[in-house]
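Take the given structure of chain Z and dock chain R to it, following the hints.
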Amino acid sequence: MTNVALEAQQHSVQAHVHDSLASGTAHAKGQQHPIKLYLVVWGWLFVLSTCSYLVDYFGLQGHLRWSLILLFMVLKAGLIVAVFMHMAWERLALIYAILLPPALVLVFVAIMVFESDYTHLLRAVFFAQTS
Amino acid sequence: MAETALLNNVEPPARAGGWRGIAADWSSDQRAFKNVSWGKAMMWIFLLSDTFIFSCFLLSYMTARMSTTVPWPNPSEVFALRIGDKEVPLILIAIMTFILISSSGTMAMAVNFGYRRDRVKTAALMFATAAFGATFVGMQAFEWTKLIMEGVRPWGNPWGAAQFGASFFMITGFHGTHVTIGVIFLIAIARKVLRGDFDVGTRGFFTSRKGNYEIVEITGLYWHFVDLVWVFIFALFYLW
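Taken in order, these protein sequences are the chains called Z and R.
Be aware that the first sequence starts at 1, since it is given in this note's numbering, and climbs by one per residue.
Be aware that the second sequence starts at 1, since it is given in this note's numbering, and climbs by one per residue.
Where hints are given, some of them may not hold.
[Unchecked claim] Here are the in silico distance ranges between beta carbons for each label pair:
(1) Z:Q61 x R:E87: 12 to 20 Å
(2) R:A188 x Z:A77: 22 to 30 Å
(3) Z:P34 x R:P71: 43 to 51 Å
(4) Z:L39 x R:I53: 31 to 39 Å
Honestly, the hints are just simulated from the structure, not real lab data.
Cβ coordinates follow ideal geometry from the N, Cα and C atoms, glycine included.
Chain Z on its own, in the form it takes in the complex:
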């Protein structure tokens, strides 16, 4: 009897470990990942920061400048949130609860872009310095 119970128990533990690995959930005792992972991400953050600094150093202008700045910004933010803040290993319920609301800020951005274009138009029409 005991042997059967032990076997069943071991089986369930193995199944659980397998499940948690397969679904990518966190380990039972806190977030444990190899130090090397953090060092690699650290290195990439340095590389990306250098890239975005070089955009300014070489004085790139126009759409190329803005798209590169935004690209490096999003990559850096993604690395920090996913690895350093361990979001990659959390359950989807938390990921969506935290990451979706800030995404809605983009709607606010769109509203304010229209608003400031309008303000700019009014200022240009009525308040621009006449020379």
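Only chain R this time, still in chain Z's reference frame:
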């Protein structure tokens, strides 16, 4: 015997993933964040609210910059430093960025050593993080001093749009405050780690609860968030 053994060691059933998992987690009439402690969940929710605050600052900066008919001062020139006899654009800001990223790296490793219960390494890495943070604030103070000496005020500056000063002081000031609070938070927790509070179960000063090494990760979440905000400020305010 066999049955009690089974009951005592029964593993929680594996939870569903994907959309089915989200529905199950949120509809269970219990707690939505299944394997996240309340401390960590509350830190995440606080950071979410802080995200909105910084979003509002950056949005108001965007609105001011887009709607002004006066040219915006060129940050590349405003934040240039003279090294030798050459103007290097944005160099101080670049160094500050690298310092803050390095502090995030040491913090991530501190969390790791915390869960391994390596007190000395955890505390050392947290103190290193705090030192990087203090350096960052020091350099920011230098930057503010330089700009104020050059005549930048919240209501005007020598180079262009008057809103530049207000946006700059508001955004970097609020971020610097966050860094300063983070440094204090880090030193307080590192002291507890070094003293072994989380090994012997000393009760905390405010809630009288016993802490554990998860507080290192929660402190880390706050610190990485400060770094995260700087990523956006660096891109949108200094580089744009």
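Problem set entry | Outcome for the supplied range 43 to 51 Å, where the beta carbon pair is P34 (chain Z) and P71 (chain R) | holds (50 Å)
Exercise. Does the hinted range 12 to 20 Å hold for Q61 (chain Z) and E87 (chain R) at CB?
Worked result: holds (18 Å)
For this session: Confirm or reject the claim that A188 (chain R) and A77 (chain Z) have a C-beta distance inside 22 to 30 Å.
Result: The hint (22 to 30 Å, Cβ to Cβ) holds, given that A188 (chain R) and A77 (chain Z) are roughly 27 Å apart.
For this session: Confirm or reject the claim that L39 (chain Z) and I53 (chain R) have a C-beta distance inside 31 to 39 Å.
Result: holds (32 Å)
Checked against the numbered hints given earlier, this structure breaks none of them.
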